[in-house]
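K.L.:
Now for the letters of each chain:
2 protein chains.
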Amino acid sequence: MSSTTKELVVPIEELRSFVVRSMVAVGTKEDHARDLAELLVSADYRGHYSHGLNRLDMYISEIKEGMTTSGDNEPTILKETVATALVDGNNVLGPVVGKYCIDLAIKKAKDAGIGFVTAKGSNHFGIAGWYSIRAMKQGMLGMAFTNTSPMMVPTRAKERTLGTNPLTLAAQGNHGDEFVLDMATTSVALGKLEMQDRKGEPIPPGWAVDQDGKETRDAKNFHGLLPLGGVEQSSGYKGYGLAMMVEIFCGILSGSSFGPNVRTWKDFDRAANLVDGASEVLVPGDPERKHMELCDNLGGIPYHPNQITYANELAKYFKITPMKLLK
Amino acid sequence: MSSTTKELVVPIEELRSFVVRSMVAVGTKEDHARDLAELLVSADYRGHYSHGLNRLDMYISEIKEGMTTSGDNEPTILKETVATALVDGNNVLGPVVGKYCIDLAIKKAKDAGIGFVTAKGSNHFGIAGWYSIRAMKQGMLGMAFTNTSPMMVPTRAKERTLGTNPLTLAAQGNHGDEFVLDMATTSVALGKLEMQDRKGEPIPPGWAVDQDGKETRDAKNFHGLLPLGGVEQSSGYKGYGLAMMVEIFCGILSGSSFGPNVRTWKDFDRAANLVDGASEVLVPGDPERKHMELCDNLGGIPYHPNQITYANELAKYFKITPMKLLK
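Taken in order, these protein sequences are the chains called A and B.
Just so you know, we're using full-length UniProt numbering here: the first sequence kicks off at 1 and counts up by one.
Just so you know, we're using full-length UniProt numbering here: the second sequence kicks off at 1 and counts up by one.
Bear in mind the hints are in silico, worked out from the structure with no lab data behind them.
Keep in mind that a hint or two might mislead.
To be verified - The list that follows gives simulated cross-link-like pairs (lysine-lysine, DSS-like), each with its CA atoms no further than 27 angstroms apart: (1) Lys192/B with Lys220/B; (2) Lys64/A with Lys319/B; (3) Lys110/B with Lys79/B; (4) Lys137/A with Lys110/A; (5) Lys6/B with Lys316/A; (6) Lys64/A with Lys29/A; (7) Lys107/B with Lys110/A; (8) Lys192/B with Lys6/B; (9) Lys107/B with Lys137/B; (10) Lys120/B with Lys110/A; (11) Lys137/A with Lys107/A; (12) Lys192/A with Lys290/B; (13) Lys110/A with Lys79/A; (14) Lys324/B with Lys64/A; (15) Lys110/A with Lys110/B; (16) Lys6/A with Lys324/B; (17) Lys137/B with Lys79/A; (18) Lys107/A with Lys120/A; (19) Lys290/A with Lys199/B; (20) Lys137/B with Lys120/A; (21) Lys319/B with Lys29/A; (22) Lys120/B with Lys110/B; (23) Lys214/A with Lys199/B; (24) Lys137/A with Lys290/B; (25) Lys192/A with Lys214/B; (26) Lys137/A with Lys120/A.
Claimed, not checked - Partial selection, computed: residues in chain A whose CB lies under 10 angstroms from chain B: (27) Pro11; (28) Val24; (29) Gly47; (30) Ala85; (31) Ile114; (32) Thr168; (33) Leu228; (34) Val231; (35) Gly239; (36) Met292; (37) Leu298; (38) Leu326.
Computed from a predicted structure; not experimentally measured.
Every residue gets a Cβ at the ideal spot worked out from N, C-alpha and C, and that includes glycine.
Turn these sequences into a full structure, and let the hints steer you where they fit.
P.N.:
Spelled out as structure tokens, the structure:
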């Protein structure tokens, strides 16, 4: 958003105070409300309006509808080593859990050189970058990840199976410079697609798929987001792989819930998930497993004859015994 | 490669032995040669032929031309904590350094819950997945990263500035299942593009740029690879950001060299690097810094009037004092 005469300006302290009084009004503890306020203010200040004041009603609803605890709960450590911890958020506001976890990771990193904390029983934690920046401000490389509700349709699939699953890295540069990567592992955020539709423009290539898992340029046919990289030909499976990495760090490692279709891993193989005419849905590592099975069946590794000729020339040149072939 | 009658099969033990005798013939210590052999065999076995026997001549050249030490050098630890270490590879073969580092990280992870090791003075270390799988086989989540020589043209730039900079995560699943993400942060590997050219087919969208930094479909005009995500509209800046993440972990954190145009960071801003007609080249975090400067100048955060109306309605509903605007 650029500053035009139509826009109104809210002082930062006033915005913070408004979020706190709104959350306290629905029963949130004041220190929890302050944690949330800090995060929403930061999002708007950094220009990520979708994750700032715009999200306040979502957090209010979470509390009002009992999805998030507004009582005396606090996050607790279930298990830890000098450098790692498993935290139970005990269903308090996501930003309260997130702040607790990044502060614990920072403390561990100061002691051990690195800290890695994963949480279950948490809720929507806002912009991921807030957490990585918090660690960066302590002179560290800060990272954060979160899985989210399903929105991404994996390569060759047609169901929304993984979230937008963002990852972030913040690193201080020289002379006050900063590197703050904060990205969803889908090709774009849903908001970008909505804006495209509002402008009456077609969806650009690589953004979205329809009910059949086929790339669509028409917002009316939108069913899910493509992973970063778009369709298979432009390596969408890499974004899909990154999203699964985030699920592993956040959902699986913490023992909390993750996208319903990811739950059993093998669900990807179900016929109902397959795009018509496409080959099977894969997870990273599957093609290599197939090749290793082939090698095992053959009793060795198959090579193109040119590769063997090359090896033989090498052997001749260095007076080395050449490779013996199986057949 | 599928197994056809044209292909020749080499038993795995024979392949391993051939690599060892080739490397020993040019002066490599036998245990170092064994480390390399292990890696090349694994690449071919997993079906990544580009990184197996196919690369043997490159390692031989490294030794012969004195780029890599063939003497008595071994990697050494320069600095360490219970969970982290900085290693000097002392210019031995990349796979020797890589194996040393992942084994050190595994040992630290056993002690501290997580281990993170970065190395300088190393060389081409082969497929990244070999290292993550090695940790996975110890019951861990394994990760590995490496920066490489420049091949990726960042979003809005026209010079090759970053490498293909791969990252990998390996995680054991139930019932012998595995998740092995092993991906370059460019949209595709160079080899894929060469194969497309050999088939006489145009380069698919999102793969490559020409000398002017513009997307090209013609292999004759190939200048560099696009980052994962392709052009800016399909979020290529995310792949570019991931490649920089890898540079930070491998080049900057270890104090070793990294892509010459990355070295001073601000090089991106030089006019010579800009695509004609495009706006400035950015690093992750730059747009947010601009927005924060805007807020600082305004004395608060600018909002669309509808956002303020929404906040006022919220305040009214919960009987909260509404936000005071700056203007």
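K.L.:
Tell me, in ascending order, the numbers of any earlier hints that this structure violates.
P.N.:
none
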